[in-house]
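Starting from the known structure of chain S, fit chain L onto it as the hints suggest.
Number of protein chains: 2
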Amino acid sequence: MSSELEAIYSAIDQNIEEHVGRILRLISQPSIAAQNIGMRECAELVRQLFLEAGCRRAEVYDTPGQPVVYGELECGAPVTLGVYMMYDVKQVEGQKWTLVEDPFKPRVVEMPPFKRVIVGRGAVNSKGPMQAFLNAVREAMRVTGGRLPVNLRFIAEGEEEISSPNLYGFVSSHKELFEGCSAVIMPFAAQDTRGEVSLHLGCKGVFEFELECSGESWGRGPTRSEIHSSYAPIVESPVWRLIRALCTMKADPQDPERVTVEGFYESVAAPTEEELGMMRTLASRLDFEAIKQSLGVKVFWRNLEGGVDTLVKLLYEPTLNIQGIHGGYTGPGFMTILPNRVSVKLEVRLVPNMEAGEVLAKIRRHLDTHGYQDIRVTATDDDFGRKVGEKWAKVDPKAPIVSAAIEAYRELGYDPQVWPRLAGTAPIHVFTNPPLRLPLVIFGLGHGGRAHAPDEYYVLDDTGKVKGLAAAEKSFVKLLYKAAEKYGKQPQKQA
Amino acid sequence: MSSELEAIYSAIDQNIEEHVGRILRLISQPSIAAQNIGMRECAELVRQLFLEAGCRRAEVYDTPGQPVVYGELECGAPVTLGVYMMYDVKQVEGQKWTLVEDPFKPRVVEMPPFKRVIVGRGAVNSKGPMQAFLNAVREAMRVTGGRLPVNLRFIAEGEEEISSPNLYGFVSSHKELFEGCSAVIMPFAAQDTRGEVSLHLGCKGVFEFELECSGESWGRGPTRSEIHSSYAPIVESPVWRLIRALCTMKADPQDPERVTVEGFYESVAAPTEEELGMMRTLASRLDFEAIKQSLGVKVFWRNLEGGVDTLVKLLYEPTLNIQGIHGGYTGPGFMTILPNRVSVKLEVRLVPNMEAGEVLAKIRRHLDTHGYQDIRVTATDDDFGRKVGEKWAKVDPKAPIVSAAIEAYRELGYDPQVWPRLAGTAPIHVFTNPPLRLPLVIFGLGHGGRAHAPDEYYVLDDTGKVKGLAAAEKSFVKLLYKAAEKYGKQPQKQA
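As you go down the protein sequences, you meet chains S and L in turn. According to UniProt numbering, the first sequence is numbered sequentially starting from 1. According to UniProt numbering, the second sequence is numbered sequentially starting from 1.
Do not take every clue at face value.
List of simulated lysine-lysine pairs, DSS-like, C-alpha gap at most 30 Å [stated by the list, open to error]:
hint	chain 1	residue 1	chain 2	residue 2
1	S	K250	L	K250
2	S	K362	L	K250
3	L	K489	L	K398
4	S	K250	S	K298
5	L	K362	S	K250
Taking beta-carbon pairs under 10 Å as the criterion, some of the chain S residues facing chain L (in silico) [as the list claims (entries may be wrong)]:
hint	residue
6	A34
7	G221
8	R244
9	L246
10	P256
11	V299
12	Y316
13	P318
14	F334
15	T425
Bear in mind the hints are in silico, worked out from the structure with no lab data behind them. Note that the structure is predicted; figures quoted are calculated from it, not measured. Note that beta-carbon positions come from the ideal geometry of N, C-alpha and C, so glycine has one too.
This is chain S alone, in the form it adopts within the complex:
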């Protein structure tokens, strides 16, 4: 097998310029879900890419939103893995790109310290790593004559950037497509600027909601429109009212960040001993000063100095964050008005074992019992109580795919930082929850940056510890072989 790997690696090196061209082609096809631009075309292209990689069957499935593309790569192997990808990208409007004229006409440029990077929308998030994975599989299929040690089931969604509203529905009603799968891989560029590699065993969930206070629904204050502020002594203000309502939601004078919505924290699970152990190791390896610096933050909450406490708070605490607030006159100068409405966008990050619908109901109940029955709560998707936001996900640290990933990284010379979870959110729960119940790892050498921002890039050449495209592709091959080894020894799981 070692010589087989060597042969695949060598094919990758030999064809790497063609591989670069394939990434450029994929980026050149715009696919902005939020604006419904190029989605169908990109889905068709992805289907083509699946066929080129070696799938015999590849299909575009309709959903209530953007299509899902499915590909089946059958090698007669005893082990089968799912591969989760996304083919949509973030909007570019209003952004000033300096290294390309058009974010969808990607270019290969120098970006010190990196000799060659691809610049374009989706370069790292995530068309670069996605195509890198497909390149790797294609070379591996050619070299092995279609006898990879794992079968693959590709699924690419087109709505990741708009929080995957239809992915779970698709997966749970097409679970037969994942029959026999043992685990799921999401190809990624997991190295930071210093070349450090991270592995996250799940993530937080999230839901977003808006509170609106208006004279109209309150029955007090101005209803139709703003009024002249000289009436303020006898006409009440929806803006002051919303501010009072918000204050009741974080009303602990001893700890102004604590959420005082009744029951908010009641389902929060403390870290296990195993997770605490992971965070101890992690804390000893992280440079918290560098994290502060990159965020532009002088001090952490309550002057936490990094270390395990900081990680426990970051990863195990739910939040009630204000994304934005807006009401009345906000232009230059002043305007003597008494506004008739104001709204605030909030977001709750969910940790195990919180459930979005329950938390939202608690917030509604909190407002009601505090006398704010009129304040309107509108949740993400406007879909109260049914499907709200994204669920948290837990990946068992003992899952063979986790060991496979860690060992693959180590054999490639990298000792990954293992995080018990991601502080952010990804649609991992779609696979870890019933009906599939599959562990998922986000994996891959390689580095890129400025996701969602102008001049998004993906590194092509090795630079110090940061690996370029060829090494990223080899890491994917390595993982597939490692996973085959791990799951080959196990009694096989059936979905």
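Only chain L this time, still in chain S's reference frame:
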């Protein structure tokens, strides 16, 4: 004198179409102080109008802002009155006018129930009434051969719509221009849609300020820019902080509208017996339901039902109003960010004997003692402690100009609603305060509407109790003769 008045009235009637033309001409000259459009041209035009009305001397004075126009109409009369005017108008950008294509190309149109109205920017606020007054004086000067019973001192400012930042400075350093004046008149269209006439004995003051909370000045939270909201557990939020700070400023659970900034109410003067009497009469005449309806307000504060209590609150209570609040992501949908700054625009309406600089200092002290030293306070004009906002003004109800105005209205068939003050603000203090110490009345029959809004109008024809242009002009003449009578009996006041 009665036959002299008759002759003037008849001249007004005879030349009324020419008078309409003069109003159209004045409106056609844009004069937007906020955007510095047409100001110098309009000042020159006003100087011309003063000369046409009969002034022998008329001058444009420079100020640090827009010019002030002064005109001296000398009739050798024993009584001299000041006439305050404004020649600037509000911006029109972003407004949808439907009755004219260009707000500075005014037209005479039908606007039921009014047969003819002038539509254009400044029609009622206040080029229409201003020119009406000048028309009246011109006819009166012609009919009397330049022997009006009062001398007039015109002053027209070009910055009323940007809160008269230079008027007081000009007046107090040119008090010789007002030598011998007994009172000041501001021509206005004082009738509402039902023809009711109001007279206000002064006004509230106002100052506006912005509070800004940022990670930069706080030293906590994100400093450079917003950050990804997944860091919310360990990075504090300037938005929640500002909300907490605002809550301390209205923190009385029994009365959520009461301002709890220490000393906020300490200089507030209660109404005198005389003022209470005025409000009793006023309350019996006002239709509070109609006021609610026109404001789009279902209930007043604490369900006040109109009457004296409502008027006392409206006119004698200072306010801390939020004009607008703005921070973080406020576009459509959601955005997982933790904002680095937020700001809120507030305004305080001042009643006697409050002083803007003192109140602002109390607000600063309040923030400091509550631990919000970092929250930035920026007041109107960015001129902390020196000149902040507009002062309140009191006009003595016993001033002869007040009786002259009331009697003039009564003899014209209108019993005016006399308000102890205006709930809003006008630059009345410029004249009532030292060095001038002159009472001022805002006076005139006539009606117009939609000031600052699209399709601003000024009524030309009598419609029920609402009077048109000719009657408005006659009311001005009437007031001048009444004032001459009142002040003629008095020992003369010297400025």
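Here's how the hints hold up against the structure:
This hinted pair checks out: K250 of chain S and K250 of chain L have alpha carbons roughly 16 Å apart, not beyond 30 Å. Proximity of K362 of chain S to K250 of chain L is assessed by CA-CA distance (about 26 Å); at most 30 Å being required, the pair is judged to hold. Proposed proximity of K489 of chain L and K398 of chain L is supported: the alpha carbons are some 14 Å apart, at most 30 Å. About 23 Å separates the Cα atoms of K250 of chain S and K298 of chain S, which keeps this hinted pair within 30 Å; it holds.
A distance of roughly 26 Å separates the Cα atoms of K362 of chain L and K250 of chain S; the hinted pair therefore holds under the 30 Å criterion. Proximity of A34 of chain S to chain L holds as hinted, the smallest CB-CB distance being about 8 Å (cut-off 10 Å). Hint on G221 of chain S holds. Least Cβ distance to chain L is approximately 7 Å, under the 10 Å limit. For R244 of chain S, the interface hint holds, the least distance from its beta-carbon to any beta-carbon of chain L being 6 Å, beneath 10 Å.
Taken as an interface hint, L246 of chain S checks out: its beta carbon lies about 5 Å from the nearest beta carbon of chain L, inside 10 Å. With a cut of 10 Å, the hint placing P256 of chain S at the interface with chain L holds, because the nearest CB-to-CB distance is about 6 Å. The beta carbon of V299 of chain S comes within 6 Å of a beta carbon in chain L, closer than 10 Å, and the hint placing it at the interface holds. Taken as an interface hint, Y316 of chain S checks out: its beta carbon lies about 8 Å from the nearest beta carbon of chain L, inside 10 Å.
Evaluation of the P318 of chain S hint against chain L yields a held restraint, the C-beta minimum of about 8 Å falling below 10 Å. Against a cut-off of 10 Å between C-beta atoms, the interface hint on F334 of chain S holds, since the closest Cβ of chain L lies about 4 Å away. Hint status for T425 of chain S relative to chain L: holds, with the closest Cβ pair at about 8 Å, below 10 Å.
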